[in-house]
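Assemble the whole structure, with the sequences as input and the hints as a guide.
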Amino acid sequence: MKQNSRCGVGNGSCGVSQYGSSCSAQARSGCNSCSSQARNGCGLCSAFRARPWNECDSSCGAFRARAWNECGSCGRCGGPSVARSLCRGSCGGQALSCPLQRSTDCGCEQSSGADRSRDNDCEREVDCDHDHRSLAMVYSEKQHFSSLYDPKEGLCRGTVFQELNKPFLAYGRK
Amino acid sequence: MLYGNELLKEIQAEDFAVYEAALYLDAHPNCEKALAYYREHKCAVKKLKEKYEELYGPLTIYSSADCDSWQWVNGPWPWEKEAN
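Protein chains in written order, with this note's numbering: chain A, 89 to 262; chain B, 3 to 86.
No lab work stands behind these hints, which were simulated from the structure alone.
All of these numbers come straight from a predicted model, not from anything done at the bench.
Keep in mind that the hints are not guaranteed to be accurate.
[As the list claims (entries may be wrong)] Below, a sample of chain B positions facing chain A; criterion: calculated Cβ distance under 7 Å: (1) Ala15; (2) Glu16; (3) Glu22; (4) Cys33; (5) Lys35; (6) Ala36.
The C-beta atom is built at its ideal place from N, Cα and C for all residues, glycine as well.
Structure below.
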């Protein structure tokens, strides 16, 4: 099921597709007002591309605004006074809650990259380093030890972790 | 039912759970929930294997010499119907 939605964001409109490839391109084009220096120097455009697109569909405007303004990617935003709590949970729920610093070369806000915290039940570790992700480097969320299949079902599905059960569905098939 | 097939399936499933827990623990070595899960299923595997070997003979060559004779050859070979 292909769904495209368009929404007004910032000073232009952006097209957001369910599919990562087309969305990436559109997402970048939606940030035309960002300088190339900002996009390259910050390298954070992919922060929101990693999110499920159905979330993007429903709250594209707000999300895009956070992704580009409050989460410190493109420099179109305001200053470092942005409320960090607004970023938490809205952009993947991880490092975007890090302290923000304003870089000097491109006007972008960036995470300090030094903060790392862990919650109490050993399920989620927050790693601020993802704000400094590089091209061609793979990033993955930390896995949680919860929602397990029983062993027999896990063996059939190829994993006992429900959140890792990602059955392959042919493109376009419901 | 072929040669303890259901029991073998249980062993495989429990073994799989142990391995999954081990992989998780590689990245989260201090997770108490994962450690408890690992211990629980490791214990289950051990009991199931003991039960299987008591009923059907050794699962591996490492448990084949517990008797006076070499038991390993008494079970079906992998290409025989009974083993599948």
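Hints, verified against the model:
Given the 7 Å rule on beta carbons, the hint for Ala15 of chain B holds: about 4 Å separates it from the nearest Cβ of chain A. Because the smallest distance between the Cβ of Glu16 of chain B and any Cβ of chain A comes to about 5 Å, under 7 Å, the interface hint for this residue holds. Of the supplied interface hints, the one on Glu22 of chain B holds, with its beta-carbon coming within about 5 Å of a beta-carbon of chain A, less than 7 Å. Annotation: interface hint on Cys33 of chain B holds; nearest CB of chain A at approximately 4 Å, less than 7 Å.
For Lys35 of chain B, the shortest C-beta to C-beta distance to chain A is roughly 5 Å, which falls under 7 Å, so the interface hint holds. Proximity of Ala36 of chain B to chain A holds as hinted, the smallest CB-CB distance being about 5 Å (cut-off 7 Å).
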